[in-house]
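Peer 1: Kindly produce the complete structure, drawing on both the sequences and the hints.
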Amino acid sequence: MREFALRVAGMDCPACARQLERVLMRSNDVLGATGSYAGGTASVTCEDTVDLARIESSVRRCGFSLPRERVTIECGASPAGRTTALERLTADLREVFGVASVQRDHDRIDVELWPVGVRAAELLACARAGGIEARITAWDAREQEAAQDAQISELKRLVVAAVLTAPLMWNPAPWIQLALATAVEFGPGRVFWRGAWRSLLAGHLGMDVLVVISTLSVYAHSAWISLTAVSDIQLYFMSQCLLVTLILFGRYLEGIARGETMRSLRALITLQPRRAFVERAGGPREVDVDELVAGDELIVRSGERIAADGIVLAGELVVDESMLTGESAPQVRRASDEVSAGTLNRAGTGRVSVSALGARSRLGQIIEAVQRAQASRAPIQELADRIAGWFVPLVIGAGAATFAVWYLLAAPGQLALAILAACGVLIVACPCALGLATPTCVMVGTGRAAELGILFRDATQLQRACEITRIVFDKTGTLTYGAPEVSAVIPRAGFTQEELIALAAAAERDSSHPFADAIIKRAVGSERGAAALPMPASEFAERVGLGVEATVAGHRVAVGGRALMAELGVESARSRSSEPAAGIRSRVRVIVDGVLAGEILIADAVRGEAVSCVRELTAMGVRCVLATGDERRIAEAVGASIGVAEVRANVTPAGKEALVRELKEDGGRVAVVGDGVNDAPALAAADVSFAMGGGVDVARDAAGIVLVGGRLASVPRAIRLSGQVMRTVRGNLAWALAYNAGFVPLAAAGVVNPSLAAAAMSVSSIIVLMRSLRLRRARA
1137 MREFALRVAG MDCPACARQL ERVLMRSNDV LGATGSYAGG TASVTCEDTV DLARIESSVR
1197 RCGFSLPRER VTIECGASPA GRTTALERLT ADLREVFGVA SVQRDHDRID VELWPVGVRA
1257 AELLACARAG GIEARITAWD AREQEAAQDA QISELKRLVV AAVLTAPLMW NPAPWIQLAL
1317 ATAVEFGPGR VFWRGAWRSL LAGHLGMDVL VVISTLSVYA HSAWISLTAV SDIQLYFMSQ
1377 CLLVTLILFG RYLEGIARGE TMRSLRALIT LQPRRAFVER AGGPREVDVD ELVAGDELIV
1437 RSGERIAADG IVLAGELVVD ESMLTGESAP QVRRASDEVS AGTLNRAGTG RVSVSALGAR
1497 SRLGQIIEAV QRAQASRAPI QELADRIAGW FVPLVIGAGA ATFAVWYLLA APGQLALAIL
1557 AACGVLIVAC PCALGLATPT CVMVGTGRAA ELGILFRDAT QLQRACEITR IVFDKTGTLT
1617 YGAPEVSAVI PRAGFTQEEL IALAAAAERD SSHPFADAII KRAVGSERGA AALPMPASEF
1677 AERVGLGVEA TVAGHRVAVG GRALMAELGV ESARSRSSEP AAGIRSRVRV IVDGVLAGEI
1737 LIADAVRGEA VSCVRELTAM GVRCVLATGD ERRIAEAVGA SIGVAEVRAN VTPAGKEALV
1797 RELKEDGGRV AVVGDGVNDA PALAAADVSF AMGGGVDVAR DAAGIVLVGG RLASVPRAIR
1857 LSGQVMRTVR GNLAWALAYN AGFVPLAAAG VVNPSLAAAA MSVSSIIVLM RSLRLRRARA
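Residue numbering for the sequence shown follows the numbering used here, beginning at 1137 and increasing consecutively.
Any given hint could turn out to be false.
What the hints assert, rightly or not - Here are the computed lysine to aspartate or glutamate pairs in the EDC-like style, where the Cα-Cα straight-line distance is at most 20 Å:
#1 LYS1657 to GLU1621
#2 LYS1657 to GLU1635
#3 LYS1657 to ASP1646
#4 LYS1800 to GLU1603
#5 LYS1657 to GLU1474
#6 LYS1657 to GLU1685
#7 LYS1657 to ASP1473
Calculated directly from the structure, the hints in this document are not laboratory data.
Peer 2: Structure (structure tokens):
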């Protein structure tokens, strides 16, 4: 199964997105599709065997298009059998998903791509696999150019329509009016005819259908009069042309505002530099970022953006990570520290070993997450979609009823008045504002959240976050820094400190728990890791939520807490040590051959922002709960230090999941905040889930919201931002519905003529867009 974002040209209104979904879902290979008018994309889930050519054919038949991208690859040195190697490369490129065609001309290969997000690294990897040196010399993606071209086309149509409409103000001869009106209707107005035809092909009635019915009715009536009447001619070509011009003007302004909703995403994309200095054979040289590979040594100078994720090898860098994490203060990065692609080195020079590139980099994962969230659909949008689905047919019915009432009752026999009143109803009842109300807020809100270091996985999480009533916190790595250190080793009779820590470290070799890292670090006396351990281990078994077991030097060693001792039937005797575990230090038991061999005390400092986070959440009316696998004494000490009264201790991962389900049964939305290490069941069970995205891992599959900077302050911030987004959504929906409820009766009564209706319709959509754009300045 594949998931990808398909870029689609030709979506002119929210109804187009729904038409596109219907077209895509007709393909047997497509399992799911969600169109985004605001983003000009469709999020597609399909079988691996999907035929993109067939999808393009279906899309084109309904008036949309898939703008292809063109790439030129220049091939350099290759092994013996150069021609054969290039032919093999050509064949390999054709197998890459998203490649539409490949043409080779000597050392140059021209590749045409479907707009599904094919990356340069995928193409160059084919060349490297065949031992061919290659580089991309041209990439005509035209995404931004296409958006600019569409905007210029809208402007041209608007100018032509305005120029042709202006002479009608002086009431020229009927034949001149007819000629000008014909040019407007079938020239600039042709865009509405195309949209209407596309709607009919997709089996859906959109806004363009209403525009065509209205303008054509006025045009046909006036044309008939101008061709048949000889005196007392009352023509309405001015109303028809002004209607087309005003709607085009509204669409032009709407396009500008809609482009602004994508500003946050574009800002993230532009963080990735196109060139980088790298140490290669023969000395440093500048290369395209697409040519970098894992293990390359980057030379990072002051004032430059870092081209890839990596590890600092030498030097000291002062890195600004604000666009990725929301943290305004620059961070000092020294040898062995991690740095991320797109971050700005404000001072210092250093060398960085590349560890992740492109889509696998932290920046790439953030961009992908934002795109996925912006393409998703919030539950509240389903209401608007259901209304919009029936809206146009109802409006056509209302227009027909208005015509009948005017022609038969209000103004018997007055065809012109009946047509104008019906057209006013058709135009003023615009479903566009209703269709834009939610998706524009989602796009702007998720983009703003990404700037603050908060990644919403989808619009559902964005909507639910402000509804949270209870929140469950994990301890290790969440309320604490997750960087524990061994503070004391307490052996029992028959064991020394060195033997005890060595046995425990060997058993923990393959564990991912933070305590394992602390024990191993203490055993080897440095940060060299498990590879430096002198004793091997076998028959490793991780007891989720309890500890680990392994065979070390012929002994069966178990490392864990009191619950593991109870399960193994080991008697717990009070430690004779004069250094008991105090405060929030955890006590880890080491059991050798079924006998308690000693204890290791581990300290993990509580995050300084934990207190303020809990205080803010409590002020919001959110009830906080601490759930941890540690013993009660530790749990209560941590809870008391941060102000959490409700504490659950000795809780296994399955127990955390049960706790979440228990809280959900009491009513309200339940959230879980964890580090993603052993919280997956609880995160999946929660209504809203937060994962601390420290390091480079921002792709926590179980979490609905990832806190990129790993900061607890982002939890209340995400809730506040969610509240602001949902208030704006509800305000937009209320405005759209109130607008239609107020203006449709006025249009039916003849108070609002078609020209005024067109202006009001355009203004209604622009108001929704401007309200949504205010979220760009949300402080949260």
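Peer 1: Mind checking the alpha carbons of LYS1657 and ASP1473 for me, to see if they're no more than 20 Å apart?
Peer 2: Since the Cα atoms of LYS1657 and ASP1473 sit roughly 17 Å apart, the hinted pair holds (cutoff 20 Å).
Peer 1: Below or equal to 20 Å on CA atoms is what counts here, so check LYS1657 against GLU1474.
Peer 2: With a Cα-Cα distance of about 19 Å, the restraint between LYS1657 and GLU1474 holds, given a limit of 20 Å.
Peer 1: Mind checking the alpha carbons of LYS1657 and ASP1646 for me, to see if they're no more than 20 Å apart?
Peer 2: The hint holds at about 14 Å.
Peer 1: Just to be careful, I want the Cα atoms of LYS1657 and GLU1635 compared with a cutoff of 20 Å; is the pair within it?
Peer 2: 15 Å, holds
Peer 1: Given the hint that LYS1800 pairs with GLU1603, does the C-alpha gap stay at or below 20 Å?
Peer 2: This hinted pair holds, its Cα atoms lying about 13 Å apart.
Peer 1: Starting from LYS1657, check that the Cα of GLU1685 is at most 20 Å away, please.
Peer 2: 19 Å, holds
Peer 1: For the pair supplied as a hint, LYS1657 and GLU1621, confirm whether the alpha-carbon distance does not exceed 20 Å.
Peer 2: 8 Å, holds
Going through the hint list in order, the structure satisfies each hint without exception.
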